[in-house]
Amino acid sequence: MGILFRIGDLLNEVIKFLAGFLTAVMAVLVLLQVIFRYFLKAPLAWSEETASFAFVWMALLGASVGLKGEDHPNLDILITRFPPAFQKAAAVLINLCILFVLVVMFIYGGKLALSMRSQLTAALGYSVSYMYAVLPLSALVMVFHVAIKTLRLFTGQARGASTK
Amino acid sequence: MTITLFAVFFFLLLLGAPIVFAIGAGTTLALIVGGVPLEILSQKVFSGLAHFPYLAVPLFVLAGMLMETGGISRRIVELSNVLVGHIRGGLGMVVMVATIFFSDISGSSAADTAAIGSVMIPAMKRRGYDPAFAAALVTAAGGMGVLIPPCLTMIVFGSLTNTSIGALFLAGFVPGIAMGIILMCLTYIIARKRNLPREQRATFVELLIAVKRSFLSLFMGVIILGGIILGIFTATEAAAVAVFYGFFLSVVLYREIKPSQIPEILWKTSVVSGVVMLVVGISYAFGWVLAKEQIPITLANFMISIPGGKWMFLLSVNVLLLTMGMFFDASLSVVILVPILFPVAMKLGVDPVHFGTFVVMNLGIGFTTPPYGLSLFIASSIARVSMTSVIRHIFPYIVTMIAVLMVITYVPWFSLLLPRLFMGY
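Residue numbers (the working numbering), protein chains in the order written: chain A, 1 to 164; chain B, 165 to 589.
There's no promise every hint is true.
[To be verified] Covered stretches of chain A (in silico footprint by chain B; criterion: 3 or more residues with CB under 8 Å from a CB of chain B, positions within the stretch not fixed):
1) 38-44
2) 54-66
3) 93-103
[Claimed, not checked] Sample of chain B residues with no beta-carbon within 10 Å of chain A, all distances over it, derived:
4) Ala342
5) Glu420
6) Trp431
7) Trp475
8) Ser480
Calculated directly from the structure, the hints in this document are not laboratory data. Note that the structure is a prediction, hence the values are computed from the model and not measured. All C-beta atoms, glycine included, are put in the ideal place defined by N, C-alpha and C.
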């Protein structure tokens, strides 16, 4: 079990790095776009689609880090008034529902990405499948994190600390 | 489909599920019940996200984080202290003025609240302010900050309705400042009643030093708004320029951010914006189910049929948005409600930019209201007081903000002044 937790943490570190890198790429590209269009009068054709690519990837990868760190907001005014055993049962049920949504996103997001294979981007001409691929990928990462969280509920280990 | 959607959604919401997955599960089950291919979910989430204007969201978040970590918020607080600290309840005044300055360069109310709150709440505690009152001040300021451009909610509104984000930014400026002044008046009245201390009046030299130290930080706001007004760049590009200006100041010039801190700032940006953008994406799928069930049309017809026309419509939108704001995040309310309300507003002859301003203002008040108010949540956790204890102190501020909201709702002049002046709107 301990090894699973460590794999989850390691995966999260890799994704943090990747998401952070893409954030930087996106910022640089949009800045270049301004510089080339306004100051050099030679607009870049590929900056917008590449920046959008980086954006979609960093957002969904970041959302997975947020899920591990419990950063997605929820309403807890009602549930905290219930006894701990009930709260735990609710947490298990919630995690199962989250897993259900994520599995749907993984399977059908994957199908969607594959079906887009022949569609190419306007400026650079690579397959848009690469852009869509982040959907099943981030869903899979999130499935992994939620599964570990659910296991932790039963083994009674503390939850991951918030990144905020 | 509709019943499944809302039953699952509210059930999970009350159990304390992350809101984004409560919507996600409701939407997915509704799709299954309705026999709709499940590809729709992923497709809507994806096509919802892949709008170029949304890039402004992470970029403004990043700019805000650089400024928060890079000592820019501290410089802004120093300047505000020199400007208004000597008035009774001085630190309360400083909270309002500093939030106006900080909002002018940061796009997210959560960042405004965190940046100003983490400096001001400890300072107010040291000066003997009730911690719950200190948290209430910072919360109210965060609600006001939504109006002052740049603003993430305006970006989402503009992308959804094809309204110029630049015009929306300009439109929020006058109502935002007006709100700030009125909240300062309220703070003054409360400060007299509670006999809160004033700070020492600054000398002219101290004023000059504070202006000099904060000038470059404040100039960022001029670059953002100026660039948009002059048509040099779009809101998204303004956000990228803000990032690099903030980077230059905090890393190169002030050297308050060490290069080793940058990776953390970058991935935290992706988390904060990922959380927002997943809500936006899932809300697109949610909205698609609602549209398929013709809920927006039914609701729109109902709202048009309410007697009283435009004015009654605007009032009912206020009630609806304030209620939504009590429970949900602003971006979620915008993605779900705006596609329904906007066409009705257009039909009734409401100006799109004015409509955007007052939608954003409503949801800004939602940042401060219990049970789910983002600013309220952040400020009370910085002050280490319970949200319940802050509610009593925030109440007069909420009432005042709603009063200002009514004026902004019914007098479009306030919101349209700057867009007309500068953009020939």
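We went through each hint and held it up to the structure:
Figure legend: the segment 38-44 of chain A, annotated as covered by chain B; annotation inconsistent (1 residues with Cβ-Cβ distances under 8 Å, at least 3 required). A stretch counts as covered by a chain when three or more of its residues have a beta carbon under 8 Å from one of that chain; for the segment 54-66 of chain A and chain B the count is 11, and the coverage holds. Counting residues of the segment 93-103 of chain A whose beta-carbon sits less than 8 Å from any beta-carbon of chain B gives 6, enough to reach three: the coverage restraint holds. Taking the minimum C-beta to C-beta distance to chain A, about 30 Å, the non-interface status of B/Ala342 holds against the 10 Å cut.
The beta carbon of B/Glu420 is kept farther than 10 Å from every beta carbon of chain A, the shortest such distance being approximately 19 Å. For B/Trp431, the condition that its CB be more than 10 Å from all CB atoms of chain A is violated, with the nearest at approximately 4 Å. Distance check on B/Trp475: its Cβ is at least 33 Å (rounded) from any Cβ of chain A, clearing the 10 Å threshold; non-interface status holds. Remark: the non-interface label on B/Ser480 is consistent with the geometry, its nearest Cβ contact in chain A lying 24 Å away (cut-off 10 Å).
When the structure is compared with the earlier hints, violations turn up for hints 1, 6 and for no others.
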